[in-house]
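Enquirer: Fit chains B, C and D to the supplied structure of chain A, relying on the hints for placement.
4 protein chains.
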Amino acid sequence: MQTSVKVAVVGASGYSGEELVRLLIAHPRAELVALTSRQLAGQTLGSVFPRFAGMRYSELPFINSDVESVVASGAGHVFLALPHGLAHEFAGPLLRAGLKVLDLSADFRIKDVSVYEEFYGEAHHEPELAARSVYGLAEVYREALKGADLVACAGCYPTSILLPLIPLLRANLLETDSIHVCSLSGVSGAGRNAKVDYLYAECNESIRAYGVPKHRHLAEIEQELSSAAKSTVLISFTPHLAPVTRGIHTTIYAKPRRGVVPEQIGEALAGAYAGAQFVRLLKGGGLPDTKYVTHSNFIDIAWRYDARTGRLVLLSAEDNLVKGAAGQAVQCLNILCGWDETCGLL
Amino acid sequence: MQTSVKVAVVGASGYSGEELVRLLIAHPRAELVALTSRQLAGQTLGSVFPRFAGMRYSELPFINSDVESVVASGAGHVFLALPHGLAHEFAGPLLRAGLKVLDLSADFRIKDVSVYEEFYGEAHHEPELAARSVYGLAEVYREALKGADLVACAGCYPTSILLPLIPLLRANLLETDSIHVCSLSGVSGAGRNAKVDYLYAECNESIRAYGVPKHRHLAEIEQELSSAAKSTVLISFTPHLAPVTRGIHTTIYAKPRRGVVPEQIGEALAGAYAGAQFVRLLKGGGLPDTKYVTHSNFIDIAWRYDARTGRLVLLSAEDNLVKGAAGQAVQCLNILCGWDETCGLL
Amino acid sequence: MQTSVKVAVVGASGYSGEELVRLLIAHPRAELVALTSRQLAGQTLGSVFPRFAGMRYSELPFINSDVESVVASGAGHVFLALPHGLAHEFAGPLLRAGLKVLDLSADFRIKDVSVYEEFYGEAHHEPELAARSVYGLAEVYREALKGADLVACAGCYPTSILLPLIPLLRANLLETDSIHVCSLSGVSGAGRNAKVDYLYAECNESIRAYGVPKHRHLAEIEQELSSAAKSTVLISFTPHLAPVTRGIHTTIYAKPRRGVVPEQIGEALAGAYAGAQFVRLLKGGGLPDTKYVTHSNFIDIAWRYDARTGRLVLLSAEDNLVKGAAGQAVQCLNILCGWDETCGLL
Amino acid sequence: MQTSVKVAVVGASGYSGEELVRLLIAHPRAELVALTSRQLAGQTLGSVFPRFAGMRYSELPFINSDVESVVASGAGHVFLALPHGLAHEFAGPLLRAGLKVLDLSADFRIKDVSVYEEFYGEAHHEPELAARSVYGLAEVYREALKGADLVACAGCYPTSILLPLIPLLRANLLETDSIHVCSLSGVSGAGRNAKVDYLYAECNESIRAYGVPKHRHLAEIEQELSSAAKSTVLISFTPHLAPVTRGIHTTIYAKPRRGVVPEQIGEALAGAYAGAQFVRLLKGGGLPDTKYVTHSNFIDIAWRYDARTGRLVLLSAEDNLVKGAAGQAVQCLNILCGWDETCGLL
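Protein chains in written order, with the working numbering: chain A, 6 to 351; chain B, 6 to 351; chain C, 6 to 351; chain D, 6 to 351.
Please note that the accuracy of each hint is not assured.
To be verified - Okay, derived cross-link-like pairs now, BS3-like style, lysine-lysine, Cα gap no bigger than 30 angstroms in a straight line:
{"id": "1", "chain 1": "B", "residue 1": "K105", "chain 2": "A", "residue 2": "K260"}
{"id": "2", "chain 1": "D", "residue 1": "K260", "chain 2": "C", "residue 2": "K260"}
{"id": "3", "chain 1": "B", "residue 1": "K219", "chain 2": "A", "residue 2": "K288"}
{"id": "4", "chain 1": "C", "residue 1": "K116", "chain 2": "C", "residue 2": "K219"}
The hints are simulated quantities; they were obtained by calculation from the structure and are not laboratory data.
So here's chain A without its partners, still in its complex pose:
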């Protein structure tokens, strides 16, 4: 175990990259040695992001987004905070240069490259890396992550859906053909992209669904649910955009298998997350509220059994930029490095 490591963030100009920087500023063991961005090269962190002025790393300059520069920075671990499709180009060369890679994009999450190509509409150039990557959902793949050199960090919506469901599917408590999911995300999930659809005046006082009925995240959600259930699981999933900057709220309907009693639901969740400090199973009358998890790496989960319909309602809330992206990635780094999983995150 190293007491500290040097890290780089490739593509630090978006919201996930910025959030990674925020977390790394507070991290006692990870030293940020390089930030890359094609547009921002030469400018300092503090001048690009005024919120970081006067803080650790505020004078660190952005460098160009190329593999050589990253390797030259001395970083041993690299976060890729790039749009999907671009991480392909970086991961291979960085791995061959001996660096470990934590990718926040979707590029290496899908084991079956044909599924990737179906959902993302693009050819995948590194199928062997997709096969070798470890899915970066710490509470589920903790052991595998310890030895990983390529982490495909879980997506924001998938995290909010998988953590409530996986323990129940693993314990064989649910019918696998009756899962319906509604998720709501804040607008930062759309990235720092200049598009009319995400202007303030278009999102304020607006609630809308999108990506109906086949959002890209279904690929990884169903891959992981199927793996947990040991059978193919198809779900209905509808993402919605709500006027908050941060936060995802997910409501899941599922049907317990015949004979399952509600207590088993609670026990399966409690058992799965007994040592998971970032998963909070709400007790009593509590229901998840995004405002209780924003700016933190927590995911809050609650459930109710509806005796009228015989269905289970599972609810979760997380910060899409933290537990759904940058925090998740740092949590994975902590595991890779053998540190306490909460290091720098609590």
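Expert: Quick look at chains B, C and D alone, frame taken from chain A:
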């Protein structure tokens, strides 16, 4: 057909009552002759609601909330914009005095008084009025409304759920045991009540579910769905609070019956709403967005068939204060009076 | 007086153009015959703006933005809802073709073309039109507007500042060298432009000043204040961006001349706006709140005398898209046509 | 210097108290030993504030709000996060029991008790404590704070106004009779009080001024400005409510004395805040934006000289709950304890 009628609004201090006033100001055939409120009696409309200063009725004073005062005002039609439980006291005496009543509360929506008592936790004192009332969902009960003297205006969530589903259930196109609904409402739905939960700083940057798993509106939703399906329909329904002032967005999952082809869905909806000017069936790639319906009496509806899962996704958006409350009530008034249904609303 | 006129909107794809359409839909005397937009030509109003689907004009197609097409539409009055600099190209040819022009941009507001060029950084090609235009602030230029063929509609910030100050300067009640203004605007004021600065996640939970210390609107503000005072008036003005879609709130500090008593302030305002139905002078303890004026053509004005400092505080609120843009333009149209000033606006 | 101290928070149920807890959770040297609240006694921190569940102190129970309980907790330093008027009752007994008191209310900020009584409308029962307190504005009173036992932490608006102005007044650069201030605050500044005025639906899409023309904070603002200027300073100040949860933005107009050149402004500010890590003087084209300071103890300050009017514009942004309340208080604690001023805050 009268060319104009005199109307009163009882309980005009809340958001629905205020919205009713806004609509009545613009109505060419309804003359507002009385506004009541226990706390505001003696004050003028314009002084209580500065947005109405300088407009028609701005000098109209609030009067006390009692039956005698309303009858004395000369009003022939009375809107009750009161919390549930209170409309009970007003409807009977007003009807016996010969007035027609349009109630915006839940008090007369539930035909089976025991269901009302189960969901609302209170005794119902006017079961024969509940039995006699017409459910105020204009697109479904247009004919019955023509002769009604007591209208139980449909609730905000129910409107957003019933309008997409009823034509499909009437046409026997859906499995009735597989309906799952997620709705999101703006905060005005919680009323103008001084509660910490609805403070700006508690609702901003917050998304949360509530009333899980048995929200009160289920009573009327299932009553009307069952009526349309001619069999008992139980559904899963989860309301969420989102940081907008106005608007409800609803996403519904349902399973078409075996043999139903997607075109039948579109045809059933188009057939049901051919002459319904406030129901907009979105074409092409359009999905409902609350910002397109706020401040209007429209409800926008879209649907998608998900071939992967064999399920139907229905989506709707409305303004909870207009099509979900005050606009619906005015639409019902127009029908009662034999006027064009859009009078004052378009 | 014509009982009705045909109108066109050039540049109807932005927020002001869209708001104009909303107002024209409700206008009983103006018939919308043409909508232009370079990008949207060929599409119908209802398909471009889903909020207008199913309403009057929803099937009206956008046509190309050129003078010939507008003239061919038969419109007698044309609203130009274009970015500044572009209205130059349209106004002259339209006027020569005998149409009347109501321009919502800044192009013809500044009488002294060198001031225009100083503040807007571009050459002005139609100085004689700038000289001949009437400034479209109905409450101040009502008489001149009656015979105008080119109206330079007042800007959003200027309207909120000029209406409180002009009566006091005309009455010689204020020191002219001590006016300080702070204004706050909603984000729709920045237009429907895809820029990162106006993304939801950049504007939400954000308050910021901009254009310090020399915002472009100073040119017309000081021109009109100087005209009212009959001497050169320079002011301090700071606009701020606040996270609302609509609304401008303005707070003005001014110093009454020696000997002026507070009652004179109230009398000057009341006298100036005695017949002005869209100017509401708040009484009692009321202070302007943008939520009371949004979606309306009202401007609310209040004032307080601060005996501690001997200064006057004037406050106003308006909807930047209505009284600050499209509503103002329709009000001017009503005056041009000899109709009641509130026609279609109340 | 003690390496650590035990602290208590009296009145921890409001927004400032909650924010104090958030900061103390992250503080390496302050150990939170008691939380008080009349309504919440007996409940744990994590159950009352779900955002703190699973974190340090989440099992700490609230105790009753009385002096004996606080003393019995072993705390050596006590934060009072109470409404003004209540801190009076606690400070004296706690001081006599040997504890040090950091009061976040206005109770001990005003040296001249008659001014307190004029602005707060209540009798002051502890004039000698008001006289002895040190005003808790760390950048200005750092030396005096080192030996203080009663700190009257600066208010939220005052902090945003005083930090830009005090260095300029001390350096005699400004006319003292021409200061005009506009401030905008988020709604958390109104406290966690169930009042209709602060409901989401009343604050969203709303901008409004309040407390015109004599807001209570003027008392401490003018006291401190006068102290800096060594002469009586009266200012105009208008606070506004904007729809954000956190953040204050302040715009100040002032007139440099004859002969002062703009460079002197920059030098005075730079000199005053050379070692002040929480004061960021923005360079280049940067202007303060509340989103860059929320959740941090920074205050961002910029200025522009307006050659047209000969006036100075000063702008600042801070988080009202951090630099304007809880962060300021922790910064003062750090100074009292002889620790690095940024301990636990950066």
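Enquirer: Now, for every hint given, state plainly whether the structure supports it.
Expert: Evaluated hints:
no. : hint              : result
1   : B:K105 <-> A:K260 : 46 angstroms, violated
2   : D:K260 <-> C:K260 : 15 angstroms, holds
3   : B:K219 <-> A:K288 : 18 angstroms, holds
4   : C:K116 <-> C:K219 : 19 angstroms, holds
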